[in-house]
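K.L.:
Whenever a hint applies, use it, and build me the whole structure from the sequences.
Each protein sequence line maps, in turn, to chains A and B. The first sequence begins at 0 in numbering that gives the first Met the number 0 and counts up one residue at a time. The second sequence begins at 0 in numbering that gives the first Met the number 0 and counts up one residue at a time.
There's no promise every hint is true.
Treat identical chains as interchangeable: a pair holds within one or across any two.
Listed next, the in silico DMTMM-like pairs over lysine to aspartate or glutamate satisfying Cα-Cα at most 20 Å (straight line) [to be verified]:
#  : residue 1 : residue 2
1  : K32       : E79
2  : K151      : E84
3  : K293      : E210
4  : K40       : E327
5  : K293      : E94
6  : K294      : E210
7  : K294      : D206
8  : K294      : E327
9  : K224      : D111
10 : K293      : D206
11 : K180      : E105
12 : K151      : E316
13 : K293      : D260
14 : K40       : D106
15 : K180      : E72
Since the hints were derived computationally from the structure, they do not count as laboratory data. Nothing here was measured: the structure is a model prediction, and the numbers come from that model.
There are 2 protein chains.
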Amino acid sequence: MRACRREPVPYTPIWLMRQAGRYMPEYRAVRAKTGFLELCKTPSLAAEVTVTAAERLGVDAAIIFADILLILEPMGVELEFTQGEGPVIHNPVREAVDVDRLRQLEDASALDFVNEAIRQTRRALRTDVPLIGFSGAPFTLASYLTEGGGSKNYVHTKRLMYNDRGAWHAMMSLIVASLVKYLNAQIEAGAQAVQLFDSWVGALSPDDYCEFVLPHTKAVIENVKPGVPVIHFGTGTATLLQLMREAGGDVIGLDWRVRLDQGWERVGHDVAVMGNLDPVALFADREVLLAQAKKVLDQAGGRPGHIFNLGHGILPETPVENVIALVEMVHEARI
Amino acid sequence: MRACRREPVPYTPIWLMRQAGRYMPEYRAVRAKTGFLELCKTPSLAAEVTVTAAERLGVDAAIIFADILLILEPMGVELEFTQGEGPVIHNPVREAVDVDRLRQLEDASALDFVNEAIRQTRRALRTDVPLIGFSGAPFTLASYLTEGGGSKNYVHTKRLMYNDRGAWHAMMSLIVASLVKYLNAQIEAGAQAVQLFDSWVGALSPDDYCEFVLPHTKAVIENVKPGVPVIHFGTGTATLLQLMREAGGDVIGLDWRVRLDQGWERVGHDVAVMGNLDPVALFADREVLLAQAKKVLDQAGGRPGHIFNLGHGILPETPVENVIALVEMVHEARI
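P.N.:
Next up, the structure:
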């Protein structure tokens, strides 16, 4: 929390995106008996995997176990998680009439399982470990909505954006209004910071980001409860960093494609940054891994406001012992 | 050719990566009777689709119909193109022993079908339309080799890179020596410029690019026949542009994630640039498409040394009439 506010800290805090995930045997044991969406919707289990990961790794923050797309279901979207293929949306938004049938989230009660998981996690977690709530950011949600799942080229998304600006902005506005309620409900339930995952925003040119995304992300961030740090994260964002900063956030996520020192300079030293080890470094031999982590710390240069993290989520086959070694190394490094 | 040398030209030249491709009915008609690899290996057909595309679109260059991975087969790689899934390599390189069984290309005779296609194309093509030869660049070839196909996270590639530098550099050196022979044979056969496609290099951090890729790409480019322009292309390269420029090339490819004026400034005005319209802009309504193309031209600002292109290859569902309208618009625009 202090790093989010760029206050001095005794060591660089670290947590890892998707730290409660498939690479962890404890998580796989739970998943063996429970579908992904079912796990998200069972607060006791979501809390269990959240707490287990934070404790096992010894990280400085927990992030609630959930999915960036959960908000879409109560907006009228038929969401399914298929094995191997990831999220599938059975009724994608392709034109204005599809936008018309989207519902704005009236209140977050339809997502109360997330809030309840947050409450249970907050009770079970060590009091000095903050809990992060999150959701997908407007563009990333919109891209899943229009593509109907993951995408390589975002043809449906951009086609809607380019050819029906009215429908695009209407969809984004619905998402924004819904997100504000959802994130504030998570905060109400006990989330001490919130993260917006704009994982796929790197598919856009800076001009398109400015016109089609920035005002919407900004509207979400401006309406998050004051005083609660917002982490604004994306990947492939080297040319979008200043614009993301303009959209808002107390902490800007950097991926490994940008040197941390250069990325921080680009977003400005008056915000905090999070990142930016390549997730694949965790597959390297210990010596290489620690050398890469040291580079990240060196580039941060001990400046207050750096939260150590990966540049994207932990990958499924990551060796757990390497993650633990990384956490220990970051904690032991002098600032 | 003049644009490659940054000489003044009466209008901005344009061609489009993958211009002879699945979006074009003439191409689909040929492919209906011929497998992808078979088409690559049948010079008369490869020449036919190359010439047809250039004539139909009225572009200022042709690029020989081939695949970036063709060089791998005579290096001892079992390459297959499966429907839908793209290239599959049945014997991927995962460790040092796998590198040992790779063969360096002795001469380009094993790929003479490409050279023959170039000769036939050169004879059939209008004399004022230059013909471009190409191959995958060392990193992109190495990533296919190690992953065994396309990849999202490049875990095998980076693991080899990080954990067995010796094997990595040995593999890259074999690729480099083979590429030099292959590209020069294409030039010998009639290619007037050559392009290196480092399509997936954007997966790397700048430090990793420096250590694991730059010297190898540089070794290829330095050994291309003097006087023949080299186009050095990649995607997601915003943070790699200066390094790519250092590796070499008379023309540096820019994708749409970077503004053309800023990208050109980054690589330096003493090289030419190619790009950088988002391929998805071709799915937009005519007005939006032309406005986006105009932005690219405006950012180039009439400076000699701009070749108009997309930021990546044409996508399969692209409407042909939009491509033709784009070519006409670029030709009519004043410099």
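K.L.:
Give a verdict on every hint.
P.N.:
Here is what the structure says about each hint:
1. K32 x E79: within (17 Å within a copy, 38 Å between copies)
2. K151 x E84: both (13 Å within a copy, 13 Å between copies)
3. K293 x E210: Answer is between; shortest inter-copy Cα gap is 17 Å, intra-copy 38 Å.
4. K40 x E327: neither (32 Å within a copy, 55 Å between copies)
5. K293 x E94: Answer is neither: 48 Å inside a copy and 26 Å across each miss the 20 Å cutoff.
6. K294 x E210: Only across copies: K294 and E210 sit 14 Å apart there, 35 Å inside one copy, limit 20 Å.
7. K294 x D206: So K294 and D206 pass the 20 Å test across copies only (10 Å; inside, 32 Å).
8. K294 x E327: So K294 and E327 pass the 20 Å test inside one copy only (16 Å; across, 49 Å).
9. K224 x D111: Within one copy only: 18 Å inside a chain, 66 Å across chains, cut-off 20 Å.
10. K293 x D206: For K293 and D206, only the inter-copy Cα distance (13 Å) is at most 20 Å; the intra-copy one is 35 Å.
11. K180 x E105: This pair counts as within: shortest intra-copy Cα distance 8 Å, inter-copy 65 Å.
12. K151 x E316: between (22 Å within a copy, 14 Å between copies)
13. K293 x D260: within (13 Å within a copy, 35 Å between copies)
14. K40 x D106: within (17 Å within a copy, 61 Å between copies)
15. K180 x E72: Within one copy only: 15 Å inside a chain, 56 Å across chains, cut-off 20 Å.
Checked against the numbered hints given earlier, the structure breaks hints 4 and 5 and satisfies all the rest.
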